[in-house]
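Engineer: With the sequences and hints as input, model every part of the structure.
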Amino acid sequence: MSGPTPQDLDMVLRLLLATVLAGALGWERHRAGRPAGIRTHALVAMAATAFTLAGVAFTEGSAHDPLRIAAQVVTGIGFIGAGTIFRSQDHVYGLTTAATLWFAAALGVLIGVNLVWVAIAATATAAILLIVVRRVEGG
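Residue numbers for the sequence shown follow the numbering used here, beginning at 510 and rising by one.
It is possible that part of the hints are untrue.
What the hints assert, rightly or not - Just the calculated beta-carbon pair ranges, DEER-fashion:
(1) Thr514 x Arg577: 19 to 27 Å
(2) Ser571 x Gln598: 48 to 56 Å
(3) Arg548 x Arg644: 21 to 29 Å
(4) Ser511 x Phe567: 29 to 37 Å
(5) Ala630 x Phe595: 30 to 38 Å
Keep in mind the hints are simulated off the structure, nothing from the lab. The C-beta atom is built at its ideal place from N, Cα and C for all residues, glycine as well.
Structural biologist: Right under this line is the structure:
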């Protein structure tokens, strides 16, 4: 067996990038005292990237839609996100964390289809939104 190809290295770098970008959002959630932190966000993004890369690779040269697998990832992450939402009397907790987990999956899909700069810009925008709005809302 020969060593990794340039395409293999590109895929590994994309997995690492997804881990770093989503990990940054997880770090913000961790600092805000939320249960889903760096590991959870990074794993969601890395898995979404891996599934998307696999979908693209498996359907290469065929008439099948490579994003069918990614679409199922989004649905699955919805269930994980729902597990972070709690209701106590008149208050709902965990909506932002559920949204960031869903966003981490979106990052993975973006990176998996090689829209890397879109993923970087989206992460920067989300980080600003999370930090600034928390301060505005008094959190």
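Engineer: Take the hints in turn and mark each one as holding or not.
Structural biologist: Hint by hint, here is what the structure shows:
{"no.": "1", "hint": "Thr514 x Arg577: 19 to 27 Å", "in the structure": "25 Å, holds"}
{"no.": "2", "hint": "Ser571 x Gln598: 48 to 56 Å", "in the structure": "53 Å, holds"}
{"no.": "3", "hint": "Arg548 x Arg644: 21 to 29 Å", "in the structure": "25 Å, holds"}
{"no.": "4", "hint": "Ser511 x Phe567: 29 to 37 Å", "in the structure": "22 Å, violated"}
{"no.": "5", "hint": "Ala630 x Phe595: 30 to 38 Å", "in the structure": "32 Å, holds"}
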